[in-house]
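Basically our numbering = 1-based index in the sequence shown + 21.
Don't take every hint at face value.
As the list claims (entries may be wrong) - No farther apart than 20 Å at their CA atoms in a straight line, the calculated lysine to aspartate or glutamate pairs in the EDC-like style are these: (1) 36 - 171; (2) 38 - 52; (3) 154 - 174; (4) 38 - 87; (5) 38 - 231; (6) 154 - 171; (7) 154 - 120; (8) 227 - 210; (9) 36 - 55; (10) 154 - 211; (11) 38 - 63; (12) 36 - 180; (13) 36 - 235; (14) 227 - 211; (15) 227 - 52; (16) 154 - 210; (17) 154 - 87.
FYI, nobody ran anything at the bench for these hints, they're computed from the structure.
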Amino acid sequence: MNVAVAGSRTVPGGKLKLAVPRGALFGETLDVLDAAGVDTAELRGDSRSLIFETEQLTLVTMRPSDVPTYVESGAADVGITGKDVLLEQADRAVYELLDLGFGRCRMVLAGRRGDNRLGESQRRLGMMRIATKYPRIAADYFEGTGRQIELIEVKGSVELAPLIGLGDGIVDLVATGRTLAENDLEVREEIVVCTARFVANRVAHKLRAEEVDDLTARLRAASRTLEAAR
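Please model the entire structure based on the sequences and the hints provided.
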């Protein structure tokens, strides 16, 4: 029997659909799926397909930022994406089930090396201009610290903003910090550490609890095994 609820697609039977993030998280996502007993050989090839069938799951590849949308709507039952995506899309009604531990990055406030404008703005209680691709995370952070800011949302290379005077600083996601250093920028404050997370559609989590719980347990064991091997 199909069950429909407000704000979600009909949830039928069949294999669970898992949203797989392309990009920086892709390789390690496949590694943890392999370790959990999911065959990802076809995804590792040169195929341009977006949907792949395995014995246990239907794997749907997409941008990490799209994963919460597909999972919330029920187009995918479960998915993997970064914590940064979940924080920026905090209004998405999905369950965060597991911290997978890989893809570790830091969301930071950064400014030009040796430039004191960020500190001076704070001391004067002035308004800092902050460029970012993560306006929600930035707004929440500065509101929590009691500082006034003017947010400037950019889509491309946010490192450019303080170099040409668009902003006093940036809020961005960094892995090694190499890009910041190459642009004469430095981390001033760490906002949050972000890793890959396993999420589920709320309806699927209830109606297909046994399958979702089993996959969660296998991914937890796999992520621990891979972490121990690093």
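How the hints compare with the structure:
1. With a C-alpha separation of about 47 Å, the suggested pair residue 36 and residue 171 falls outside the 20 Å cut-off, and the hint is violated.
2. At roughly 18 Å between alpha-carbon atoms, residue 38 and residue 52 fall within 20 Å of each other, so this suggested pair holds.
3. At roughly 6 Å between alpha-carbon atoms, residue 154 and residue 174 fall within 20 Å of each other, so this suggested pair holds.
4. For the given pair, residue 38 sits about 14 Å from residue 87 by alpha-carbon distance, which is consistent with the 20 Å threshold.
5. Between residue 38 and residue 231 the CA atoms are separated by roughly 15 Å; this keeps the pair inside 20 Å, and the hint holds.
6. Distance check on the hinted pair: residue 154 and residue 171 sit about 14 Å apart at the alpha-carbon level, within 20 Å; holds.
7. Among the hinted pairs, residue 154 with residue 120 is inconsistent with the structure: their alpha-carbon atoms are about 23 Å apart, more than 20 Å.
8. With a C-alpha separation of about 40 Å, the suggested pair residue 227 and residue 210 falls outside the 20 Å cut-off, and the hint is violated.
9. For the proposed pair residue 36 and residue 55, the alpha carbon gap of about 17 Å is at most 20 Å, so the pair holds.
10. For the proposed pair residue 154 and residue 211, the alpha carbon gap of about 16 Å is at most 20 Å, so the pair holds.
11. Straight-line distance between C-alpha atoms of residue 38 and residue 63 comes to about 16 Å, which keeps the hinted pair within the 20 Å bound.
12. Taking the CA atoms of residue 36 and residue 180, the gap is near 43 Å; set against the 20 Å cutoff, the hint is violated.
13. At most 20 Å may separate the alpha-carbon atoms for a hinted pair to count; residue 36 and residue 235 meet this at roughly 13 Å.
14. Only pairs whose Cα atoms come within 20 Å are accepted, and residue 227 paired with residue 211 is rejected, the gap being roughly 36 Å.
15. In summary, the hint linking residue 227 to residue 52 is not supported, as the alpha carbons are separated by about 27 Å, beyond the 20 Å threshold.
16. The straight-line distance between the Cα atoms of residue 154 and residue 210 is roughly 17 Å, inside the 20 Å bound, and the hint therefore holds.
17. Restraint check for residue 154 and residue 87: the C-alpha separation of about 15 Å stays at or below 20 Å, so the hint holds.
In terms of the numbered hints stated before, the structure departs from hints 1, 7, 8, 12, 14 and 15, listed from lowest to highest.
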